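Student: The lines below spell out each chain.
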Amino acid sequence: MDRNQRPRSILDSLGEELIGILTPVSICMFTVVLLVCVLNSDPSSSSASFSSIATAAYAESDSDSSWDKFVGAALNSLVFVAAITVATFVLVLLFYLRCVSFLKFYMGFSAFIVLGNLGGEILVLLIDRFRFPIDSITFLILLFNLSVVGVFAVFMSKFSILITQGYLVVIGVLVAYFFTLLPEWTTWVLLVALALYDIAAVLLPVGPLRLLVEMAISRDEDIPALVYEARPVIRNDSRLVQRRVWRERRSNQNGSNDIENTSRDEVVRVVRAEAEEEEHVGSSERSEISVPLIDRSRPDQAENSETFLEGIGLGSSGAIKLGLGDFIFYSVLVGRAAMYDLMTVYACYLAIIAGLGVTLMLLSVYQKALPALPVSIMLGVVFYFLARLLLEVFVVQCSSNLVMF
Amino acid sequence: MTVAAGIGYALVALGPSLSLFVSVISRKPFLILTVLSSTLLWLVSLIILSGLWRPFLPLKANVWWPYALLVLSSVCFQEGLRFLFWKVYKRLEDVLDSFADRISRPRLFLTDKLQIALAGGLGHGVAHAVFFCLSLLTPAFGPATFYVDRCSKVPFFLVSAIIALAFVTIHTFSMVIAFEGYAKGNKVDQGIVPVIHLAAGMLTLVNFASEGCVIGVPLLYLVASVTLLHCGKMVWQRLKESRNQSDPSR
Chain A
1 MDRNQRPRSI LDSLGEELIG ILTPVSICMF TVVLLVCVLN SDPSSSSASF
51 SSIATAAYAE SDSDSSWDKF VGAALNSLVF VAAITVATFV LVLLFYLRCV
101 SFLKFYMGFS AFIVLGNLGG EILVLLIDRF RFPIDSITFL ILLFNLSVVG
151 VFAVFMSKFS ILITQGYLVV IGVLVAYFFT LLPEWTTWVL LVALALYDIA
201 AVLLPVGPLR LLVEMAISRD EDIPALVYEA RPVIRNDSRL VQRRVWRERR
251 SNQNGSNDIE NTSRDEVVRV VRAEAEEEEH VGSSERSEIS VPLIDRSRPD
301 QAENSETFLE GIGLGSSGAI KLGLGDFIFY SVLVGRAAMY DLMTVYACYL
351 AIIAGLGVTL MLLSVYQKAL PALPVSIMLG VVFYFLARLL LEVFVVQCSS
401 NLVMF
Chain B
1001 MTVAAGIGYA LVALGPSLSL FVSVISRKPF LILTVLSSTL LWLVSLIILS
1051 GLWRPFLPLK ANVWWPYALL VLSSVCFQEG LRFLFWKVYK RLEDVLDSFA
1101 DRISRPRLFL TDKLQIALAG GLGHGVAHAV FFCLSLLTPA FGPATFYVDR
1151 CSKVPFFLVS AIIALAFVTI HTFSMVIAFE GYAKGNKVDQ GIVPVIHLAA
1201 GMLTLVNFAS EGCVIGVPLL YLVASVTLLH CGKMVWQRLK ESRNQSDPSR
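Taken in sequence, the protein lines are chains A and B.
Those letters in the first sequence? Residues 1 to 405, per this note's numbering, in order.
Those letters in the second sequence? Residues 1001 to 1250, per this note's numbering, in order.
No wet-lab data here; the hints were simulated from the structure.
All values reported here derive from a predicted model rather than from experimental measurement.
There is no bait here: all hints are sound.
The following label-pair restraints were derived from C-beta to C-beta distances:
1. Ala-1199(B) <-> Ser-400(A): 14 to 24 Å
2. Glu-121(A) <-> Glu-1079(B): 43 to 53 Å
3. Arg-1102(B) <-> Gly-166(A): 34 to 44 Å
Below, a list of computed lysine to aspartate or glutamate pairs in the DMTMM-like style, where the Cα atoms sit at most 20 Å apart:
4. Lys-1113(B) <-> Asp-1097(B)
5. Lys-1113(B) <-> Asp-12(A)
6. Lys-1090(B) <-> Asp-1101(B)
7. Lys-1060(B) <-> Glu-392(A)
Note that CB positions come from ideal geometry on N, CA and C, so glycine has one too.
Take the sequences, apply the hints, and build the full model.
Tutor: Next comes the structure, spelled out in structure tokens:
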């Protein structure tokens, strides 16, 4: 057959960068849903009263009226968003004073705490649930090793990509699971409040994240952050090989700003991809997009304030970067939907993926820093309530009578 | 039902789609995106339908004609949506072709278009299976199982998984037939898809009779095999035509 000599169609490689970022998001959401189903299915176990800064103002209890719950949840969210704003401004201040090494050390320390503390708690819950026989000394040694490897994987540039990406997803899963333990009304109002804060922080001129990005661009530095990057795939004849691509610094071309970094935890780039970059990267699709990245930081729960970066951006070769906070809050939404029913999980998953796609399209159109949370969270919340109120009754009516179409 | 049985029922409903996904769709990222957007579209259609029918629910248990109305309206709405989906796909095809011209690559081949249609149909089938079958399966893990009076020989979950498998087949391949029918202007192909969909929907009403599923389910599989055969014949003809066109010396 003359099929082998036929040139490759565009369909073979179109959209692979998008799939490169959708896969880890899906894996993270799936793992959180699995954890929620496995660990919450036992009703006799006490629902963890998770006290953190997000429940500081109001602790929800079942006997309150709906209005009380709503007001309490709004207060909680206000406190949380205020805490995040303060922490982000502190980060901006530290970055302005060039305390970059302190920031890096703090990030590594908080990654260690997340993997050790939160990871340890979840592992203990899992061991308890499955009656897995292990002694405490072995457990401690394993946990310590896993945490240390995780810290190195996330912050050193010479690790295998898969391990780094895997550890980032694991950190996202751990934090997201603990956020799902918040009371229900607080979770939903908090998600909406964070989506609104995201818009404000990235798009307003006084927003802390915008300041951070502009400072980083003007100084040609990178911000220490936890960011998931889908590495560009390079074709090796017929096999897809993901390889770390090192790019050298290049002088300004055509008057455009070409700022590139070689470090692994690079975050900020303003790049115009042109034809000659194809030979550096070897990607099969030329991307004619120039995009700045956005960065955001957000502290975590009361135990430790970690800085995660959120936001979405495109690398020069089309490798998409998504901040870890986005992973976390998508998974929180889906995990909370899982606590009601799995039909809402499917609906929310599709809504979030659609929101992510819309955000990426907006990114390539507007070509400036964009927040990744609002569209997905809003779509997710809308679909959750639609599914819960409308879809479930309809579908259960039909399929329990074995009437389908 | 137990976890093993649950996974078994889920694979009965979605096993062929999973193998189709792994062997054909996962090779090309664009097809994965097509599956996801198609699933989203049919989810939205289900939400709109449930919004329209919400004031009338819950329907009375033993009367079958409200369900007939429900099926009829839903099938009409979904077929209309399928036509809109094709319109959007046509525009996308133009965009892709002009993009291919811009980077001096060949335009979309026939097999590419067929694969996109297949991915769209798979999205429809997966949406159906997930929302009508899987979403009832997953909350029901535990030591017991559930039987319905009308179909008392087989557990409810198994029957719904078997019906879902038939519908997945019908949806997947009727999308290919529909897209080719619209592209070539072939009235037979265009007309046969809504007819098949309506027939399949109406056949599930047979399940209302006591032990009706003994008749209903095999008839449904008859419709599914008709769809499969028609689609296979049509695709074979198209491929032969295009091969004759590209190489007239043969």
